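For chain A, the structure is supplied; the task is to place chain B on it using the hints.
Letter by letter, the chains look like this.
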Amino acid sequence: MIAMSLSRGHVELLQFVRDRTAVVFTFFFPALLLLLFGTIFGSESTDSGVAVSRIFTASMIAYGILNTAFVTMGSGLAMDREDGTLKRLRGTPMPATAYLIGKGLLVFALSLAEVAFLILMGVLVFDMPLPPAGHWVTFAWIFVLSVVACSLLGIAVSGLVKNARNAGAILNVPVVALQFVSGVFIHPMSQLPDWLEKVASIFPVRWMAQGFRYVFLPDEAKVTEIGGAWNLGTVAVVLGVWCVIGLVLCLVTFRWSGRDK
Amino acid sequence: MTAAWSFRRAAQQSTIRSMEAIEVTGLRKTYGGQDAVAGIDLVVARGEIFSLLGPNGAGKTTTVEILEGHRRRTAGDVRVLGEDPGTAGSAWRARIGIVLQDADDAADLTVHEMVRHIGGFYPDPRPADEAIELVGLTAKRNSKIRTLSGGQRRRVDVALGIVGRPELLFLDEPTTGFDPEARRRFWDLIRTLAGDGTTILLTTHYLDEAEALADRLAVVSAGRIVAEGTPATLGGRGAAEARVSWTENGVTRVEQVTDPSDLIRHLVASGADLSTLTITRPTLEDTYLSLIGAAR
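Those sequence lines, one after another, are chains A and B. Read left to right, the first sequence gives residues 1 to 261 (the UniProt record's numbering). Read left to right, the second sequence gives residues 1 to 296 (the UniProt record's numbering).
It should be emphasised that the hints constitute simulated quantities derived from the structure, not laboratory data. Hints are not guaranteed to be accurate.
Some but not every residue of chain A turned toward chain B, in silico, with C-beta under 8 angstroms [as the list claims (entries may be wrong)]:
hint, residue
1, L14
2, R18
3, G49
4, G84
5, R255
Covered stretches of chain B (in silico footprint by chain A; criterion: 3 or more residues with CB under 8 angstroms from a CB of chain A, positions within the stretch not fixed) [unchecked claim]:
hint, region
6, 99 to 106
7, 115 to 129
8, 257 to 271
Only some residues are given here: those of chain A computed to face chain B with a beta carbon under 10 angstroms [claimed, not checked]:
hint, residue
9, D19
10, M94
11, V123
12, K162
None of the values given here were measured: they were computed from a predicted structure. Yeah, the Cβ is synthetic: ideal placement off N, Cα and C, and Gly gets one too.
Excised from the complex, chain A in its bound form:
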């Protein structure tokens, strides 16, 4: 079982890195946006005196994880249903769990690499200092919860995709919309209408971005957060609840084939 899962993970990674479109769009796109936003707005600073480029770097990590976990998982599953990957595997003694663990390994490896790349860019291009040692513990649990929640939701949403060619477009609708309302592209969130702020707070992206800002920004930057505090407890609860919702949706909606049989 472990050997089968590792073998799946290996093959998933091989296929991902050999698919240039996936590498460019999933992997380098958040970095490109960071470079653009950071350069355009970089010299400004917020009320708290923190450079905008640093805020973008921290927030963009949430976008990176959405791409490497939610989009990779969602479009990957839709594609595997359509091109016969799942049908082939289902005809072998490999259990479904090994397939999903393999996808999970891919998503974790990609997310780690993506986050490392974004942090490196923040440090080298925008002079972002690395956070103190204690913050890395917080980073670790926010990262794990974010990747798990986004992956599970990606699996669940893949069931709604009827045609794998459209998967990227369909999955990017919630992704892009949530970037705008969750304080990633537009910060602080207090610029949003009150109701939109409330709607955005239902979804995980706002809390992911807020958590990563805590990790990478100085403490005084919390004045620009809603309520003027980091609210790490709420971050943990909301992401945890989304993990559970995602898991339940997966168990209810997962299917091997594209058509109902």
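Below, chain B without anything else, positioned relative to chain A:
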């Protein structure tokens, strides 16, 4: 070790349970009130090459996918290697091999990477290079699957179907897109596998393929089996009259006889010109077309 041992034990137990590779009674599959499979009975013995023929939409693929465990049936009793494919687990899957008809997966992997990867799921797989050699793709071993031709791509599917040393191999229209030489080589491979005791269920559109390979075959039309037999006897073909034709004084003569021996002897004795003599029986294709024509 333990996993391989329990796979083998499960294999032995079900060999005792059933001598037939496939037993199907009263199989039905309904989609939205329409019968795709309308009551099929089928027995395939171990070691046999059995071919299912039929036009598109006749229910061949649906039937095969139910036997493979890919689809659920509406009604009927199905035993494949002694187990119900609807509930059988991974030990059963280790004993079957499936050659997919229209897969397009793993385009960015090389032939060897993919065959070794899939082989790794089986308790006692063939070495990847052996499976690749068997389908004649050794020269393409390190090529990405994306770069292969349609026929080569199907040969990868065959390699993936046999890498686990299956007791029963499902081949759904396996030679579509093969060039003539690749088809002949593929036929040799199927005969070799059958010679080693592998049971083979083959669906095909090519009647010459069924005739060359199958020990027995069945014609499916509109969800039912309309004829079953050996390639020589299907649909009364063995008992059909021979059509003898020759030229006599510039006129073409034709006679239908059960046994042409007497007629030929008579013609030779009478000194007739036999340079244009032909004796024909209905081909498998003639028989097949009349069978599915009658069923419609």
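Now for the hints, and whether the structure bears them out:
1. At a threshold of 8 angstroms, the smallest CB-CB gap from L14 (chain A) to chain B is about 6 angstroms, leaving the interface hint in force.
2. For R18 (chain A), the interface hint holds, since its Cβ comes within 8 angstroms of a Cβ in chain B; the closest pair sits about 4 angstroms apart.
3. Taken as an interface hint, G49 (chain A) does not check out: its beta carbon lies about 48 angstroms from the nearest beta carbon of chain B, beyond 8 angstroms.
4. Hint status for G84 (chain A) relative to chain B: holds, with the closest Cβ pair at about 3 angstroms, below 8 angstroms.
5. Here the hint on R255 (chain A) is broken, as its CB sits about 12 angstroms from the closest CB of chain B, past 8 angstroms.
6. Counting residues of the region 99 to 106 of chain B whose C-beta sits closer than 8 angstroms to any C-beta of chain A gives 6, which meets the bar of three, so the coverage hint holds.
7. Given a C-beta distance limit of less than 8 angstroms, the hint that chain A covers the region 115 to 129 of chain B holds, as 6 residues qualify and 3 suffice.
8. With a cut-off of 8 angstroms between beta carbons, the region 257 to 271 of chain B has 0 residues touching chain A; three or more are needed, and the interface restraint is violated.
9. Taken as an interface hint, D19 (chain A) checks out: its beta carbon lies about 6 angstroms from the nearest beta carbon of chain B, inside 10 angstroms.
10. Here the hint on M94 (chain A) is kept, as its CB sits about 4 angstroms from the closest CB of chain B, short of 10 angstroms.
11. Interface hint status for V123 (chain A): violated, as the beta-carbon distance to the closest one in chain B is roughly 33 angstroms, over 10 angstroms.
12. Hint status for K162 (chain A): violated, given a least beta-carbon distance of 17 angstroms to chain B, over 10 angstroms.
When each numbered hint is compared with the structure, violations occur for hints 3, 5, 8, 11 and 12.
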